[in-house]
Amino acid sequence: MPSAYSIDSILGKAERKLSAIPDDVEIMRNSPSVIMCPQTSGCMSVQSPSKDSNDRSPGASRNGENYFDSSPEKSENEEKHEHSHEDLNTSLSDGENEESGNAGNKPRKLRRSRTTFTTFQLHQLERAFEKTQYPDVFTREELALRLDLSEARVQVWFQNRRAKWRKREKTLGRESPSFMQREGGLGLPDMPPSHLGYQSPLEAYWSNRMTNLPGLNPLLSMPHGSAMLGNMAQYFNKVSSAGLFPNYFQSTAPGSSFPGIPHMYMRTGLSDISAIAQAQAAAALSSQLVGRFQVSEPEQGLDFRRHLTKIQQVTLDQEVAQRPGGGAKTSRLRGSCDVFFSNEIGHRIEASTIKHTNMPPKGVPAKAKPAPVKPKAVRPKAKDGDDMTDVDGADHDDWVNTKALVKPDDQLELTEQELKEEFTRILTANNPHAPQNIVRYSFKERQYKQTSSVDQLAIHFALDGNMIHKESDEAQRQRTKLGIPDAHVEPAVSEVGEPVSAAADSEDRGDEAKEEAGDDAGTQAASGSEGGGNKKLTNQFNYSERASQTYNNPYRERGTATEPPPRAVFSGNVTQWEIFDAYQEDFEKQEKNKEKKVIPGRKEEEKARKRLTVTETSGDDVSRIAKAAKIVERMVNQNSYDDIAQDFKYWEDPSDEYRDNEGTLLPLWRFSFEKAKKLAVTSLCWNPKYTDLFAASFGSYDFMKQGNGMMLFYSLKNPSFPETIYETDSGVMCLDVHPEHPYMVAVGFYDGSVGVYNIEKKDGHLHRCTAKNGKHTDPVWQVRWQKDDLENNHNFFSISSDGRIVHWTILKNELTYQDVIKLAMPDSAAEGPDGTKITTIGCGTAFDFHKKNDYLFVVGTEEGKIHTCSKAYSSQFLDSMDAHNMAVYKVRWNPYHPDIYITCSADWTVKIWERGNKSASDKSDAMDASAKKPLFTFDLNNSVGDVAWAPYSSTVFAAVTADGKLFCYDLSVNKYEPLCEQMVAQKKKTKLTHLEFNPEHPIVIVGDERGTVTSCKLSPNLRKQPKEKKGAQAVDPSVREQAEIAKLDKILLMVRDPTENKG
Amino acid sequence: MSEVEETIKRIQSHKGVSGIIIVNADGIPIRTTLDNSTTVQYSGLIHQLAAKAKSTVRDLDPQNDLTFLRIRSKKHEIMVAPDKEYLLIVIQSPNEV
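Those sequence lines, one after another, are chains A and B.
Residues in the first sequence are numbered from 1 upward in steps of one, following our numbering.
Residues in the second sequence are numbered from 1064 upward in steps of one, following our numbering.
Same shape as in the complex, but just chain B:
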C-alpha cells in the first residue's frame, strides 16, 4: 500500500470525516468513499468552485496559486486540496462527537 493510500486511509479514520472524493481535472470522480449520487454532486460542484477559486487566486497574481480551499458550513467543512491533475475533497464534520 502506497504512502498516499495510507494517508487517505488515515484521513478516513479521523473522526468526523464523512467522505473523501478524488476528482480528476475534468470533474469526474475517480475514487470516493461516499455513495454515487452524493459523489457526483460533490465532485461536479466542488470542481467548478475550485476552478473558480483557482482562477481568482491566479488572476490576482499569476505567480500565486491556490493550494487549499476550505468551505466551512454549519454542518460540516468541505476541504478541497487541488493538485495538478486531481482534486481531493474531504468532507468533515468537526463538531461531531
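Isolated chain A, as found in the complex:
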C-alpha cells in the first residue's frame, strides 16, 4: 500500500486525509452514488480479489485484509496503518524498507509454490511473445484467462522471457534499445501479484509523467475528494501499466490523436475510479480511432477499492451512445461518471467494452469468458483469442493502412434526417451533473449532514502533446517500422539480470517481487541519473537533433593600401666651416641671452629696432647686396680702366733712364663728377688709413659765383664714381681728414662756418658752427686737425680771411671755439677818410703747423705776409715777414726738415724758407726783418695755386699753376729748373687749384677749377730715392729722416753759402 500512498504523497495531503480520517472513507462508502451501484442492473460484477486470490498474491491479500477487511490480524493492520501514515511524508526508500521489513515478518507459509507451465500454456505464451514482448494488461488478462493462469504469472513469464530474449540478443551482439529496459521497469505490466510490486514503477513513472504530460494533470487534480484522488492515481497506475497510456500517448493516427478528443466533459462523481478509467480508455480509444478495447480489471486493479470495505462489487452502468455522423460518443457511467466524447473526426468510435471480470479462483474454468456488461456493446472480441495483442500491433497498422470502415453490428442506423438533427445543449456555469445531495456524517451532531459546497469544476478541454514516449510500445513499433536501430543498451544490461534471476527462482516470487520492484524503482532512478551522466539524454521523447550547421562566412581581406608617406632623401656634407658657423651662432645666442638677462627692459627696444631693420631690409631686396654691388662696381672699373690700373701699378717711364734730370707725369684716372663740374676743387686730402681714398672739396673761388658746395670721396678703385657724396648749401673751401680717425672730416665753408663730418654716417654733418658760436665772417680757407687735447677731445684749427685763427673743440655734441690769434697789422694802420686809424687785420689764407713743435705754426696772408705764430701767444707773432707780393696760397713745412717750409703765392712764385737761422741772424743783424730772403725762389710764370712737398723725399716738391701746369722739382737734382713741367689740365684755360701727394703711392692728384681731379703717376726720376737706400737693407725711418734732412741741408748749405758769402 505504501506504493499507492507514495504517489499520492506527491499529490499532496489528500491521501493523508484518506487514511487519517476514516469517516471520510465512511462517507464515501455511504454516498448515494455508491449505494446506487449495487442497484444497477446489468453491470458486471467485480469481485474483490482479496479473498479469492490469496494464493496468488499473498501481499495483496494481506494488504487487502489489512485495509478493507476486518482481518484477524488487527494489530498488524493497525501497525500497518501507522506505517502508512508515516509513509505519507517519507521517501520511497523508506517505504521499501518498510515493506521489506513487513515481508520479513511475514510467515513463510504464504510462500507460493513454483508454477509449472503446461506445454500448451508455454506454447500460447510463446506465441503471444512473438506477437509482442510487452503485452498490455488487457492482453495479459486475456492470456491469463485463456491459460488458466493468474495475470501476475503471465506478467512474470513475460518478464523473464524478455530477460532471456535480451540476453540472447546481447550474445548476438545486438543492443537492446533503451526504452526496453525502461519498459521493463515502468511501462510494462510486469507487476507482481501484489500491488506492492508496482509501487516503485508507479512512483517513478508518474513523477515523470506528471511533469511531462500536463494533459493528465487536470484529471489528477480533479477535486473529488482525497480518497478518490488516491484511488485514481492508483487506477491510473494500473491503466498505464496495462498499456493504456502508451496508447494514450501515441500519435500513429496523424493529427487525430488528441484533436480527436476536443471536447471532453468528464465528471467524476464518486470514487468509482473505474469509470474514470473507462473514460480514459474511451478517450484513448477515440484518439486511436480504434474502438476495440477491453478493459479487464484484474483483481489487483481493484485493490484501491479496498478502501471501501463494504463495496465488493462495482457495477458500472455504461451507456454508450454512438453518433456516427456527429462523431460524438457519450459513455455514461451511471451514478458515478459521465463521459462525453465528441469526436469531430467522423470515424467510428467503438465503445470500449469494459469487462469487469471477476478473477476467478482456481476453480474457475480457464475457458471462462468475460461477462459483457452490455451485450450489445460488447464486441466479439473474444474471437480474437490469442490475437488480443494485435490491438497494439498489426491490427492497428492494418487499420491505418486500409482505412477500412468497420462498423459494429449493433450500430444505430440513423436516417439522414436524424443525422442532421441538432441537439442543443445549454452550458451553464454550474455543473449539471454535480451531485446535489452529498451528505456527510457529522460526529458532532451524530447524523448525516448535507454538504453545502459541491464542486462545480469541469474540464472542458485538455490538449496533450502528440509525442509518444520512446519507451512505449508504440514508439518501439514505429521505430522498428522505420528501421531505426535501437541505440540504447547500457542501462538495460544492468537491469536485465534481475528479472532473469527472478524468473529462474520463481518460487521466491512473492517476496522477491517486492524487492525486485523496489530494486527496479531504485535502478530506474539510478539508471536515469546514470544515463544522464554517461550519455547526453536530451529528453525521453523522439527527440530530433536540431542543431544545424550555420553558414560560415568566408574570410575576406579588408586591407586598404594607404598612401605611403612622402619620402625624401637628404644628403649633405658637413664641413669645418659649417660647424664653425654653428658654434659661432650658438655662441652669439648665448651672449645675447646673457645680455637679455642683464637688461630685460631693453628687450622691447631691441624688438622695435629689429622690426625696423627688418622692414627696412625687406622693403628693398636689392639693398642687401649693396656691398656686393660696390665690389662688383670696382671690379668692373678695374676691368674698364685696366690699362690705367696696370700703368698705376707697373708702368715706369723707361725714358727716364736716358734723361737724368727730367721726369714725366703719367696721367692716370680722371675723377669727375657730374654735379661737381661747375665747381672748383678747393682742397684735396688723402685718407691717412686708406691710401687709395681721398677727399675733395668743391666750391668756388669766384666771389660772384658762389653757390652750393660739395664734398666727394673718391677711391682709386672706382674712378668713375665717388664713394661718398656730400652736398652742402655753401661752398666748401677746405677740408681735412683726421689723421687718426679717418672718418672724421673737418670742413670750412665759404660762409665762414666750420663743420665736422663723419663719413660713416651719410646723413650729414655732425657739427656745424653758427654765427652764435664763433663762425668766421669770411670764407674759411683752411682747417687742420690737431692732436686730441688732454681730455681726448677732438679739436682743429681754422683760418679765415677775417683774420682769426680759431681753435675748435668738439665737446660731446657741441662745437666750442676759441680764437687763437688775430692777424693784426701792427705797423700799417690805415687811415680812414676821416683820419681815424683803423687797425687793419691780415686776411689769413693758409697756415701749417710744425710737424714737431706742436705749438708752432706759420700763417700766410692775403697780403703776402708770413707769420710765424705760437699757440701760446695769441697777441703777437713769433715772426712776421713779407714773403710775397700777393696772397699766399699755401704754406707747408718740410716733412723732414724741421725749419724749412715752402710757400706759394699768386705772385707766380714758390719760395722755400728757413726758420730760425735766418731770424736769429736777422736779429743779430738788427736788419729789417722783412728783408729776409727765401732760400729758393722759383718763378712759375703763373699764379701758383698750390705747392706740396713730396712725402718720400725732403727735396722734392710740386706746384700747380693757374695755366694748368704741374711743376715738379727735386732740389737735389736741380735747384733751379723743374724736373718736370707738364700740362695736366685737359684744357689750357683750366686752372689747377690744388695738388696732393699720395702718402704711399707715387702718384699725385691735382684738382682744377672745373671739378676734375686728375691723378698722375710720377716717373722714376721724379721720385728718386737716395742711392744708398736702394740697398736691400731695411731702412730705419729715423735714419731715413736724418738722411733726408742731411740731403736737404746739404743743398741748403750750398744755397746758404752764396748768400752768406754775398752778405
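Hints are computed from structural coordinates only; laboratory data are not their basis.
Careful: at least some of the hints might be erroneous.
To be verified - Partner residues are not named here, just some residues of chain B that face chain A (Cβ under 8 angstroms, in silico): (1) Val1080; (2) Arg1121; (3) Ala1144.
These numbers were taken from a predicted model, which means no experiment stands behind them.
Just so it is clear, CB atoms sit at the ideal spot from N, CA and C, and this is done for glycine as well.
Got chain A; can you put chain B on it based on the hints?
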C-alpha cells in the same frame, strides 16, 4: 631710386658689361639684364661654383670667407660677388671696344 639701384645701373653702363644677374641663395635669379635662358644657365652654374668656392675658402680657414670670385675667360670675365643671401653676377668683356 636706391643707392644700390644706382650702383647697378652704373655697372650696367660700364663698357663691356654685358649682363648683371642677381641670384638668391637657392640659385634662383631674381633680377637680370640678360635673356631668360642665359640667365638660368648662368645662375644655376655660377651658384654652384660660388658655393664650392666659398666652401673651399672656409674649409681652409673657417674664419675666412669668400668675398669675390672672378672667372677670367678668353671672351669675358664673370665676376661673382657673394653676399649673405644673394649672389651678384656680372659678365664683362673687358677687351671689347
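Structure-based check of each hint:
no.: 1; hint: Val1080; in the structure: holds (6 angstroms)
no.: 2; hint: Arg1121; in the structure: holds (3 angstroms)
no.: 3; hint: Ala1144; in the structure: holds (4 angstroms)
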